[in-house]
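Student: Chain by chain, the residues run as shown.
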Amino acid sequence: MTNSLREIEDNEVLFITGSNTKEAHPVIANMMLKARRKGAKIIIADPRRVPLVRFAELWLQQRPGTDIALLNTMAHVILKEGLINEQFINEQTTGFNDWRASLDAFTPEAGEKLTGVPKGDLVRAARIYGCSRRAAIYYTMGITQHAQGTANVNAVANLALLTGNIGRPFTGINPLRGQNNVQGACDAGCLPNVYPGYQRVDIPLVQQTFERAWAMPLSVRPGLAATEITGKALEGAVKALYVMGENPVLGDPNTEHTRKGFQKLDFLVVQDIFLTETGMLADVVLPATCFAEKDGTFINTDRRVQRVRKAVEPPGEAREDWRVIAELSKRLGYEMRYESPEEIFEELGRLWPALEGITYGRLERGGIQWPCPTRSHPGTEFLYKGGFPRGKVSFTAVSMAPPVERADREYPLVLTTGRNLFQYHFGSMTRRAAPIESHAGKPYAEIHPEDAEHMRISQDETVRVTSRRGSIRLTARITERVRRGEIFIPMHYAEAAVNVLTNNEALDAFSKTPEFKITAVKVERLAQEG
Amino acid sequence: MVRFTLDDQEIVVPEGITVLEAARRSGIFIPTLCDDSRLEPFGGCRLCVVQVQGIPRLVTACTTPVAEGMRVQSTNEEIERRRRTIVELILSDHPNDCMVCEKAGDCNLQELAYFYDLRTNRFYGQRSQRLVKDQNPFIERDMEKCILCGKCVRACYDIQGVGAIDFTSRGFTAKIAPPFEKDLDCEFCGQCVSVCPTGALMSKQSLGKGRQKDVQEVDTICPYCGCGCNLTLHVSRNEVVRVTSRPDTINEGWLCVKGRFGYSFINSPDRLKTPLIKKDGKFAEATWEETFDYVATRLGAIKSKHGPDAIGGLSSARCSNEENYLFQKFMRAAIGTNNVDHCARL
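Top to bottom, those sequences are chains A and B. So the number in this note's numbering is just where the residue sits in the first sequence, counting from 1, plus 14. So the number in this note's numbering is just where the residue sits in the second sequence, counting from 1, plus 52.
Please keep in mind that the hints were generated in silico from the structure rather than gathered at the bench. The C-beta atom is built at its ideal place from N, Cα and C for all residues, glycine as well. Hints should not be assumed to be uniformly reliable.
[Stated by the list, open to error] No farther apart than 30 Å at their CA atoms in a straight line, the calculated lysine-lysine pairs in the DSS-like style are these:
#1 A:K526 <-> B:K261
#2 B:K330 <-> A:K274
#3 A:K456 <-> B:K265
#4 B:K256 <-> A:K48
#5 B:K334 <-> A:K278
#6 A:K344 <-> B:K330
#7 B:K256 <-> A:K278
#8 B:K265 <-> A:K274
#9 A:K274 <-> B:K227
#10 A:K48 <-> B:K227
#11 A:K274 <-> B:K234
#12 A:K526 <-> B:K355
#13 A:K324 <-> B:K185
#14 A:K456 <-> B:K256
#15 B:K261 <-> A:K324
#16 B:K185 <-> A:K344
#17 B:K355 <-> A:K278
#18 A:K344 <-> B:K355
#19 B:K234 <-> A:K344
#20 B:K334 <-> A:K344
#21 B:K331 <-> B:K265
#22 B:K265 <-> A:K324
#23 A:K456 <-> B:K357
#24 B:K325 <-> A:K48
[Said to hold, decoys possible] Here are the simulated distance ranges between beta carbons:
#25 A:R379 <-> B:E92: 41 to 51 Å
#26 A:T373 <-> B:P321: 30 to 40 Å
#27 A:G330 <-> B:G260: 18 to 28 Å
#28 B:G157 <-> A:S354: 52 to 62 Å
#29 A:T373 <-> B:E233: 51 to 61 Å
#30 B:T220 <-> A:M294: 46 to 56 Å
#31 A:D216 <-> B:G68: 53 to 63 Å
#32 A:E378 <-> B:S221: 41 to 51 Å
#33 A:E464 <-> B:T220: 34 to 44 Å
#34 A:E378 <-> B:G68: 32 to 42 Å
#35 B:G157 <-> A:K278: 57 to 67 Å
#36 A:R235 <-> B:E269: 45 to 55 Å
#37 B:R298 <-> A:G375: 13 to 23 Å
So that you can see chain B by itself, here it is in the shape it has in the complex (with noise of 0.2 Å):
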């Protein structure tokens, strides 16, 4: 363990962390845009600069560890004025559209802009050209507002083990993007998506269907393999529009292409509505009344012919304890048969 003093108070963390995850862990807040602690550190955006006695120059809390007997200064008036102009001469390569941006209300950059009272702008003039539409089916990669923070490359890279995104070119027209700056076409998990702190990267078929004030947010599980990753469901008027995950839970936030992006089967025309009866070789809609009616005289007549063992029931690995402990439950007590049975095989 380390003790180090972070605006005058007297904090005690584990060896080898950073300034700021030891400011984190004790509720002070240091803006930043690069940082993820899932991620490597990486220094870019500045954000985070701290005063630390004997050092002249103000450093990255991000990138510094915590030393024994460090004195660190999480804030002054230098230090915000720093953070102020860092935030200013991003926002004055930014579209700015916020009032019909997708990300607003769930912006970083917006509530720093909000945080610094950024009305005008010193350093408004020439806005870097990033204006190709890239026409992959899952991910709007609108570069307009990237700002380079470099946390989808490091997602994609480090998390994911892809790197189909890098930064290319210098200075003005450094930018983010697949080699050659051709149209993605790697693993679509949307890592990225996830991590990007603006409207830079969003998932296209969630696109006009609802910003995040307006969503309802419910935590779930995905419904397709077993890893059992937790997912958020953004629900707006009775539709899920967006899915995610919390960083804190086992799959860290990390979902795949079907977990993120395979969702709107939930919505699709084709889902059944009511009870069928098939009559004459042909579907016809019925009541939930006489299905069970009708379900009910088939089964009991074949259980008093044949006997119990000629039911069998098949259930399913893709729904829940409870519904699969009350289909074995009905095959064994109501019906009185042991064939039951579901895919675990298959």
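Just chain A, with the same shape it has in the complex (with noise of 0.2 Å):
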């Protein structure tokens, strides 16, 4: 998030799109109904009716995989009602009257067609959003996991960058991250490009640093994205593989792909609180300490470093993932001497200056937002105050395409997976949590009564959905929260994996992001095998 969890309730405008925030976030959706009780409106993007439609002023009910028309559209209709930030883009922006020409075709009559939103519901959004300068975007995967993911969330910017609603508080492009740490893994550098603090791997000077740091040569070459490691693996060119706290054979598009995968390789390292659908393919499984059972630091969505404390010992012969990794090293030749997760912490400090300025100490009182380039500094709340730290920044024209699957006689539905609110991603820890497990337990897909109808799919009949890679059995769930033609499927469910059906082909040419958002599928009743 460019801005903080507390602006939220002094926002005035929130645009939410591609996110079910009530499910996948339920405290942030709290903090926007609160903006909402002090006045704000909400605008919603999304081809369901997430639970938080009913809060909003304005639900557009987009086809999927045309958020580019949408809000391509949007930008079309500030910029032709003059809503425009003009002092921003001149002072702030490169690139505006070339974009702009990107922007003629996309007339509301156009977005309409384009993307089944009637074209007075996207000019009063546009209205909504570009009259308002304390109106904040908030998004999650339903625009990143597309094939267009990274135009997409080009395109988000734009419209940020047209209104200057960035920079200040209470407004910014907001991205909610799905998990409890996955801004400290970015952070601290589990990406294949970059060390710790986004400093590439591949620009010499930042190599040399690393290598003093570390005392050891390393690499130039950029590393190999977890999507095409399985893809890698069938190759043969990657022969082993150590997955600490992941589960990519449920998570991965294609389970049938990724399982094959990771049964090529020589050698498979699994280290987990449980034993996953990955570890059963491992050669080696290494017991681990869940969040209860360590110290440490995680950072949210909205850059706050805050305190992670043991409160129960680990089962068993159970270790901590710090001393697992640093034995292993040493035995590899490497010696890694910590003495404690605080050790760790301020060696990646002295190695990012936007952590330098935190310790162990001052967490003691709460959270800190990075960056936070010394010990006095008082944490940031929101980035880019008085302008972007590389100077005037550019529109980038996005134009729309097409998804990689669409429906067609075939496959005539569109599949879309997420979260629901009582599971958590493959159901490793909310599965075997009683309560939860009683009362969400079952798999499900969505289905519009008009299609169910259609194919005399009855509610909760057991039904097979496939695609072009497999085919998995679960409960038909008629409602009206999916638009018809699509049907949505939560992640959770092992035993009716979802991404048996998802495309492993279907990437981001960027960000390697896989287009969870859009499988084309066909739903058939079991009665009619006979």
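Once you've looked at the hints, go ahead and assemble the two chains, each given alone in its own frame, into the complex.
Tutor: Okay, structure coming up:
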């Protein structure tokens, strides 16, 4: 997030796109409701009737995969109606005129045709967002999990630049991060192209800094993204994999493909708190500790570093992950000497100035938001105050491209995946929490009543959902939460693992993010088999 | 800013705040059962009555905004007599089974009974019957203990935007219930449990696991989504038995069903307890010593035969910064490859 969770309640306009906040980030949704109680307007763009729609001034029920058309049309209207922030554009951006020309075609009429949203609503949304200088955008995987994900994000950014809704309190571009420490894992450098603090591995000066700090020659070749590793394993280029706290067999697109790739590895090590589907394929499984059994820090969605504290002893011989890594490293000839997580955190701070001012001692008094370069720095509530670090930023022209898969005669429905309120990800934790499992323990597919009637499917009937990759069986839940022609399946259930259906070849070219939000499928009654 | 007098003390507070809030900020205790500064004022329990000069009757501090020059008396004999009577009336329609109540030691009503030394009760008589048990798996609703403060109703409607419960019936039969007095079927965020001043709303899975005085509280961060909600884990005999959240944190003490009720995986019998090495397609328990040796040997052999880029590492958005930092350092410095990633894309 460029801005802060605390600022949400003072937003004037909240434009929420591709985020089922009430279920995926329930407490952030509470902050949004607080803003609404204080008079804010909520606009939601989502193909599904997500629960927050009930509180929205306006709901744009777009077709999946039409984010660029929707966002560009809004920009077109904001431009045409003179709601732009000229001073901001002149002072802080470049490329405005070229970009402007790219919007000519996105009239409200064209927007309606492309997105399925009535043009009047598109115009109203543009006016509400464009008229406010305290408007914030919130998005999650509904924007990013597309083959056009990077372009979608650029289109989001263009809207903020056009209205100057960034670099001040109560505005901003705010992706809501989905996991407790996904921000921290990125910040700490668990990405194939950057060291901690987003410092690129292929810049020699950076490489030399880290070689000195770690006293070891380092590679300048950017590595493989998670979604590329399976393919490389199948080709035989990757022989061994060390997985700590992930379950890619359920998490990656196209389960069959992932399983084959992992089976082809010469050596697979999985370190986790449970024997996951990935762990079952491993040669070695290492018992790890969960959040309640260790000290450390997490970084949340608004860049807030917060202290995690040990509350209970781990079961059996389970060990803290850092101790396991350090020991393995030693045995591979690279000594790692640490007495505590605090020492590791201090080392990270020395290598990335944004964390340098944060100490465990300071965190005792509450979380601190990076950047926090010095011990006396209070932390940063919102980014880009007084300008962008690299000077002016550029508008990026983005054009529509169709999704990789489209509904056709054989696979007439579009599948989106996501979370529900009760379960979390692939369920290794929540499915072992008894009350949650007893309340929300069955896999289901949301199907629109008209589609259900057409296919003669009744409520709670078991159906088979099939894509070009495979098929799963689960219960039909007939509901108007989904659009006609679309179905939704939550990702949590191993017995009906939705990634059996998804496409490992539909990736965003830059981010390598899979197109989980659009897969062509068909739904059949099991009774028909006879 | 507004200047007013509270118990002969001159106090300056921002405009618009209530007498109760002003008293809190000045460290003056006014009892209340229905107020929570995160919720709209309600004025239901009448315990916070105070004397304002120039107003003949007592007024509720929670609904009275401070005005310039106001003179307020937070306590005197008459006020305390009234407050004592209110608590006595509440207790006359209460099970008073503190000896076996989950909430004992952490109960506002119990504290007030102690404070006012209510050993006998002038109002004992008929008690309202609210015996129906709710079968939902999360929240124990013991409506016998409900004092109708309405905090749960306000939290559910205003904070959560759900409105799963409300007041129903009138007078002696008044109660708080879901529509048609059915079982709760809501988001099960448990905000209602967190604001309940008595033992009327409790977490089912915490029942019998230890009362407040027996638990150790540890402040930490929620392991689920990226909101970073602050959690307080209540630990008894090396087991997390309850989760709460402090109101002075970014999440203001509000949690969701996963954060508040989704913790029993910690003690699941399925937890991995020893290293496992697969031999002939089957896992066998191993010591750390042999496992470390085995992993180091295998990785070392693959590295020398195929080069460091034949090895990949997947780290975790669930692990800490320290663990993630060390993992990528391990892949880059000990193995020698940049093949390190995690599930941010997924």
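Student: Look at each hint and say if it fits the structure.
Tutor: Okay, the hints, checked on the actual structure:
Taking the CA atoms of A:K526 and B:K261, the gap is about 47 Å. The hint is violated against a cut of 30 Å. Between the alpha carbons of B:K330 and A:K274 the distance comes to roughly 18 Å, so the proposed pair stays at or under 30 Å and holds. Taking the CA atoms of A:K456 and B:K265, the gap is about 38 Å. The hint is violated against a cut of 30 Å. Taking the CA atoms of B:K256 and A:K48, the gap is near 29 Å; set against the 30 Å cutoff, the hint holds.
The straight-line distance between the Cα atoms of B:K334 and A:K278 is roughly 17 Å, inside the 30 Å bound, and the hint therefore holds. Distance check on the hinted pair: A:K344 and B:K330 sit about 23 Å apart at the alpha-carbon level, within 30 Å; holds. Taken as a hint, the B:K256 and A:K278 pair is broken in the structure, with Cα atoms around 46 Å apart against an allowance of 30 Å. Distance check on the hinted pair: B:K265 and A:K274 sit about 53 Å apart at the alpha-carbon level, beyond 30 Å; violated.
Proximity of A:K274 to B:K227 is assessed by CA-CA distance (about 59 Å); at most 30 Å being required, the pair is judged violated. Under the criterion of a C-alpha separation no larger than 30 Å, the hint pairing A:K48 with B:K227 is consistent with the structure, at around 27 Å. Note on A:K274 and B:K234: the hinted pairing is violated, with a Cα-Cα distance of about 49 Å set against a maximum of 30 Å. Of the pairs offered as hints, the one joining A:K526 and B:K355 holds, with about 26 Å between alpha carbons and a cut-off of 30 Å not exceeded.
Simply put, A:K324 and B:K185 have alpha-carbon atoms about 36 Å apart, too far for the 30 Å limit, and the pair is violated. With a C-alpha separation of about 21 Å, the suggested pairing of A:K456 with B:K256 holds against the 30 Å cut-off. For the hint pairing B:K261 with A:K324, the CA-to-CA distance comes to about 20 Å; that is within 30 Å, so the pair holds. Using a Cα cut-off of 30 Å, the hinted pair B:K185 and A:K344 is violated, with the two alpha carbons roughly 58 Å apart.
For the suggested pair B:K355 and A:K278, the alpha carbons sit about 17 Å apart, so the restraint of at most 30 Å is met. Distance hint between A:K344 and B:K355 is fulfilled; the C-alpha atoms sit about 15 Å from each other, no more than 30 Å. Straight-line distance between C-alpha atoms of B:K234 and A:K344 comes to about 61 Å, which puts the hinted pair past the 30 Å bound. As the CA atoms of B:K334 and A:K344 are separated by approximately 28 Å, the hinted pair is consistent with the 30 Å bound.
Among the hinted pairs, B:K331 with B:K265 is inconsistent with the structure: their alpha-carbon atoms are about 49 Å apart, more than 30 Å. A C-alpha spacing of about 20 Å is found between B:K265 and A:K324, which places the hinted pair at or below 30 Å, so the restraint holds. With a CA separation close to 46 Å, the supplied pair A:K456 and B:K357 exceeds the 30 Å bound. Note on B:K325 and A:K48: the hinted pairing is violated, with a Cα-Cα distance of about 44 Å set against a maximum of 30 Å.
Distance hint check for A:R379 and B:E92: the Cβ-Cβ separation is about 30 Å, which falls outside the suggested range of 41 to 51 Å. Between A:T373 and B:P321, the C-beta spacing of about 39 Å keeps the proposed range 30 to 40 Å intact. For the hinted restraint 18 to 28 Å between A:G330 and B:G260, the CB-CB distance of approximately 26 Å keeps it satisfied. Taking 52 to 62 Å as the suggested C-beta distance range, the pair B:G157 and A:S354 does not conform, at roughly 34 Å.
For A:T373 and B:E233, the Cβ-Cβ distance of about 54 Å falls inside the hinted range of 51 to 61 Å, so the restraint holds. Our hint of 46 to 56 Å for B:T220 and A:M294 holds, since their Cβ atoms are close to 51 Å apart. The supplied range of 53 to 63 Å is met by A:D216 and B:G68, whose beta-carbon atoms lie about 56 Å from each other. For A:E378 and B:S221, the Cβ-Cβ distance of about 49 Å falls inside the hinted range of 41 to 51 Å, so the restraint holds.
Between A:E464 and B:T220 the C-beta distance comes to about 37 Å, which sits within the given range of 34 to 44 Å. Between A:E378 and B:G68 the beta carbon distance is about 33 Å. The supplied range of 32 to 42 Å therefore holds. Distance hint check for B:G157 and A:K278: the Cβ-Cβ separation is about 59 Å, which falls inside the suggested range of 57 to 67 Å. For the pair A:R235 and B:E269, the beta carbons lie near 48 Å from each other, so the given range of 45 to 55 Å is met.
Taking 13 to 23 Å as the suggested C-beta distance range, the pair B:R298 and A:G375 conforms, at roughly 20 Å.
Consistency note: the structure conflicts with the earlier hints numbered 1, 3, 7, 8, 9, 11, 13, 16, 19, 21, 23, 24, 25 and 28.
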